[in-house]
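Asker: We have chain A; now place chain B onto it with these hints.
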Amino acid sequence: MTATATARHVASPVLAEGSFPIKRITVEFDDPAKTIAAPSGVTTGKVYLAIQNSRGLCSTNADPWVVVSIHCYGAESIPFDAKEQQEVDLFLDAAYVLSESGMTREGLDHIFQKMNSILVDGKLSLASRILKQVDAQRLSATLLVGFLSITLSTSALLTERPAFYARVRQKIAAERGAEAAAHLLDKYYGH
Amino acid sequence: MATNRNRLKAIANPKECPIVGVALTITANRNSHAGIVFRDTQDRVRLLHLAFHHDLKHEAFNRVEYLCADPEFDAVDAEIVAAHCRLIASLAPNINFAIHHNPAARLKAKGQTVNVEHEDKGLNCSTFVLAVFAEAGPPLVDFATWRTRDTDARWHRFLVALLKKHAPEAHWKKVEQDIGCARVRPEEVAGACLENPLPATFEQCEANGVFALGEVAKHVGRTSIW
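Protein chains in written order, with numbering that gives the first Met the number 0: chain A, 0 to 190; chain B, 0 to 225.
There's no promise every hint is true.
[What the hints assert, rightly or not] Heads up, simulated PhoX-like pairs for lysine-lysine below, C-alpha to C-alpha not over 25 Å straight-line:
| # | chain 1 | residue 1 | chain 2 | residue 2 |
| --- | --- | --- | --- | --- |
| 1 | A | LYS186 | B | LYS107 |
| 2 | A | LYS131 | B | LYS107 |
| 3 | B | LYS8 | B | LYS107 |
| 4 | B | LYS56 | B | LYS164 |
Hints were generated in silico from the structure; no laboratory data involved.
The following block holds chain A by itself, in its conformation from the complex (with noise of 0.2 Å):
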């Protein structure tokens, strides 16, 4: 099931609108460059959307951006394994586009909300499966420890999370150096 938007001209946020629980959105832009920052879990009825193109620009009221279609797919429309892959990939989809947007802090409690809520429901595969998907080169330092940091009490639970560990090590060494990752990471390495 889908439900299609009537807004052809858009200043960020869009409004998107279906009258079923909505688990995906996608939207068509007259250039593919532009995207959009899809919401993060479940939701009903409306719907905000951030958007922007892949150089960081929004559209503005002067400058609206041409929307070809938008879509929304309810629940029932996404087999289960797709469904729970859909969710990990809004809830990273938002977490590149806060971090690429520079807001630093929405980023965390994005992050720290969702991972929080996954590991007290037990879901320990999935917390996994995310950490294992996460594309460190779209995080900022910043968001990547706090991802190690959500996750330390559970360390040894995560299967994925000394290679997402050492991923975020490298990328910190990297830019920082060595020394500075160490002062910043050791405390997060886990057991």
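Answerer: Same frame as chain A, but now just chain B:
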């Protein structure tokens, strides 16, 4: 090893406030009290502090009533501690009050509540701050260096008498057994932030605590009677 007492400051302008720090006051009841100062997503300065049994408060930082000790963390460390504070504040947990300090205690979210793990009694204003920093960032104090002080037993007895009015008997009876234990005073938690590197020792924190208590007394116009 360096002490920088300029890190304890009155916040005249919110822009001067660090991303995260330790707030220190002397309350109207004439006891010292500590909490965590942090910034929210709108860059407002907030205060998270454990006032007493099941009384975690999240409110705007009151710069008239509090001084701020700035540990001068790396910005990444500071943002991580602040994010933990925002998560805890959003869950608004009930935290049992206790008088001892267990360095292994950690705040752990469980659904819509937050449990204090590795610890079967609870926290107080000082140990709440220590637990959050130990979980989220550089630990503030080296509790292995801590000493018991005879003068703390009087304060402990006062708190347990108060706790008897607010907590179940099974809880206050456990807490009562700790009267006279080693105590990290609120001014010593703030005092730890004046040291580099961390964690700070008992000697460093005790000396800085005396200084901090004097400064906050001048700031709020009250002295501690404990």
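Asker: Taking 25 Å as the top limit, are the C-alpha atoms of LYS8/B and LYS107/B close enough?
Answerer: Outside the cut-off at roughly 31 Å; violated.
Asker: Within a Cα-Cα threshold of 25 Å, do LYS131/A and LYS107/B meet the stated pairing?
Answerer: Given pair LYS131/A, LYS107/B holds - Cα atoms ~23 Å apart, limit 25 Å.
Asker: CA of LYS56/B to CA of LYS164/B, is that 25 Å or under?
Answerer: With a Cα-Cα distance of about 20 Å, the restraint between LYS56/B and LYS164/B holds, given a limit of 25 Å.
Asker: With the threshold set at 25 Å, check whether the alpha-carbon distance from LYS186/A to LYS107/B stays at or below it.
Answerer: 17 Å, holds
In summary, the structure is inconsistent with hint 3 from the numbered list given earlier, while agreeing with all the others.
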